[in-house]
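Q: What follows is the residue order along each chain.
Protein chains: 2
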Amino acid sequence: MSLYQTVSVDLGDRSYPIIIGRGLLGGNFDLADYVRGTDCFVVSNETVAPLYLDKLRPNLAGRNVASFSLPDGESFKSVATMQTILDELLASGANRDTTVIALGGGVVGDIAGFAAACFMRGVAFIQVPTTLLAQVDSSVGGKTGVNHEKGKNLIGAFHQPRLVLIDTDTLDTLPVREFRAGLAEVIKYGAICDPAFFTWLESNMSGLLEKDPKLLAYAIQRSCELKAEVVAGDERETGRRAILNFGHTFGHAIERCLGYGEWLHGEAVAAGMIMAADLSGITAADLARLKGLVGAAGLPTEAPAIAGDRWLEAMGMDKKIRQKQLRFVLLRALGEAYLSADYDGARLEALIGAGA
Amino acid sequence: MSLYQTVSVDLGDRSYPIIIGRGLLGGNFDLADYVRGTDCFVVSNETVAPLYLDKLRPNLAGRNVASFSLPDGESFKSVATMQTILDELLASGANRDTTVIALGGGVVGDIAGFAAACFMRGVAFIQVPTTLLAQVDSSVGGKTGVNHEKGKNLIGAFHQPRLVLIDTDTLDTLPVREFRAGLAEVIKYGAICDPAFFTWLESNMSGLLEKDPKLLAYAIQRSCELKAEVVAGDERETGRRAILNFGHTFGHAIERCLGYGEWLHGEAVAAGMIMAADLSGITAADLARLKGLVGAAGLPTEAPAIAGDRWLEAMGMDKKIRQKQLRFVLLRALGEAYLSADYDGARLEALIGAGA
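Line order of the protein sequences matches chains A and B. Going by my numbering, the first sequence opens with residue 1, and the numbers climb by one from there. Going by my numbering, the second sequence opens with residue 1, and the numbers climb by one from there.
Heads up, a few of these hints could be off.
As the list claims (entries may be wrong) - Here are some chain B residues the structure puts well away from chain A; computed CB gaps all over 10 Å:
| id | residue |
| --- | --- |
| 1 | 53 |
| 2 | 195 |
| 3 | 236 |
| 4 | 285 |
Said to hold, decoys possible - Estimated spans, in silico, between C-beta atoms of each pair:
| id | chain 1 | residue 1 | chain 2 | residue 2 | range |
| --- | --- | --- | --- | --- | --- |
| 5 | A | 28 | B | 234 | 31 to 39 Å |
| 6 | A | 305 | B | 236 | 45 to 53 Å |
| 7 | B | 302 | A | 28 | 53 to 61 Å |
| 8 | A | 326 | B | 75 | 40 to 48 Å |
| 9 | B | 36 | A | 177 | 35 to 43 Å |
Worth flagging that the hints you see were computed from the coordinates, not collected in a lab. This one's a predicted model, so the numbers in the text were calculated from it and none came from an experiment. No residue lacks a Cβ here, since even glycine has one placed at the ideal position from N, Cα and C.
Using the sequences provided together with the hints, build the complete structure.
A: The following block contains the structure:
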């Protein structure tokens, strides 16, 4: 029951393992080595906590476990919720040796991680992601934060976890729409840096959609390996790490224009990746393969109707702006991404339907 | 006019200089090398901005300078004010390449630094401290943060500045009570790690109180050197850096019990140092020298009347707690501090007037 794979994130004295396997909750993976003090504080949400909080407790035998559940949803990923978590931490008697554990999806992980980063200037943090998106993306790499009305993740910190514990059985309870949204980030890794993985995904997408355990474990493991590799080379995103944002400039704009939550993040990224690939000027064959794989995952291949000036305004707040010049993650070919401000302006205008 | 001393804070790729001198504001020190992008955002307060904001502008020639002034006072060092600063940063069009500049005392520096740490997961930050306390202590070392109703600095981050620019002429406008409060931290450095500096302070306290420029420059420089040395050895306070908190466990409790602002931080630390020295069991002669120097600086040598149980409650929230065991910074002798949970409980009870 407790066989698992380990992926290492190599960041010097901030290195940590990602443990991936089935049946890891319920005490099959002892968290003792990763909980420094006697106290843990689990942050979860009202959907996930009833399903998995009691399953997590046996992994924390001998520790004091306090917990707090947020309401479910991206709209609660705010400074206000963050302050509530800090209030609850203090009310529980938490101290510098308390370990904060995020049990849930990306929203829970991002906000719990940011709370851990800021509580007493930083306490230990463990990620237990329960959505595919969080397992392959947001739980790895140390980005934490909350949204601002002007944009997503505008307020946050880099704060690496001590451990990421991925029990793939948690995906059994994940709604299919969210599962598919997570596949968008899996596809992204193939598209930006691993053509062989992209090909593997083309061959195995139907099995993944059926949640075949072996295929799923491999897809998660490979995604984590690729993310770990990129993050290890550029922890604070001063350069290459930005390629992980492939599709995200357009994707974030879609989320902003529709209102957060209308499209899931992965859905917006899916359509955004195809726009970014199109802007890149890759071959029609490569573009067709990307569209094909995104479509096979049941994800949108086209952006919703948004006016050109709203696109530009929404993209104007994107964090990848430098000196007011838009920068995009583009593809030389499938599996080879780069960050550039040198793109075809006319093609961009055509893509977003803006006037010349 | 622009002669200055440089103290280096050696933190690998986060190293930075502290520039100390007279007449540095007004363009006599060009900030161009330390402002990465085209945009600066100056955070100040309603007392300091009218005095020094226009003086700072010539140091930033050729840059876009936006600014925001907080109300003056420790009570504004809150998550709510922090959020206002983040709102203002976004409203000004700030981006990842914006440099946040703190112009003011410790409150401004701590909150502006925390905003810089969290804005887009961290932007460049410069400290221009205008109080003695900020010049010798809070502007150096990267501690940033805000208060919580349960205690001071409970929410924050480590975020090193790229530069600390100390124009000692700003002390001309500093109220005498605040100037003396700053001297408490200067005395602290001598008491914890430099007996020769302590002796120098005993010989020169009257000249310092008259703000003799040469004495003042040396006292600030030596304080910064000592702090830089301790911080370089333990950036994130996992060990020795804690000695910088000498007198602060008692001091923070005094501030909490009286209500923040009733006693200035330095005043509370002054009385706290004498309590901590007493708890240490150093010789009566050493204790008398510390009391003498604190008194000569016009600082309180005794804590205000606080009931024993309020002391304990107030100290219970101190961040130096580990495993619920109180730890204090104690002295082996003047100039030699250490962190320990091994103190004389009866002596502590006697000091705070708690029942046995």
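Q: Does each hint fit the structure? Answer for all of them.
A: Do the hints match the structure? See the list:
Non-interface call for residue 53 of chain B relative to chain A: holds, since the shortest CB-CB distance, roughly 25 Å, exceeds 10 Å. Residue placement check: residue 195 of chain B keeps its beta carbon more than 10 Å from all beta carbons of chain A (closest about 30 Å). The beta carbon of residue 236 of chain B sits about 7 Å from the closest Cβ of chain A, which is not more than 10 Å, so the claim that it is off the interface is violated. At the 10 Å boundary, the C-beta of residue 285 of chain B stays outside the reach of chain A, the nearest C-beta of that chain being 36 Å off.
The beta-carbon spacing between residue 28 of chain A and residue 234 of chain B, approximately 38 Å, falls within the hinted interval of 31 to 39 Å. Between residue 305 of chain A and residue 236 of chain B the CB atoms are about 49 Å apart, so this pair conforms to the stated range of 45 to 53 Å. Checked against the given bound of 53 to 61 Å, the beta carbons of residue 302 of chain B and residue 28 of chain A, roughly 59 Å apart, stay inside it. The beta-carbon spacing between residue 326 of chain A and residue 75 of chain B, approximately 41 Å, falls within the hinted interval of 40 to 48 Å.
Between residue 36 of chain B and residue 177 of chain A the CB atoms are about 42 Å apart, so this pair conforms to the stated range of 35 to 43 Å.
Of the numbered hints given earlier, the model fails hint 3 alone.
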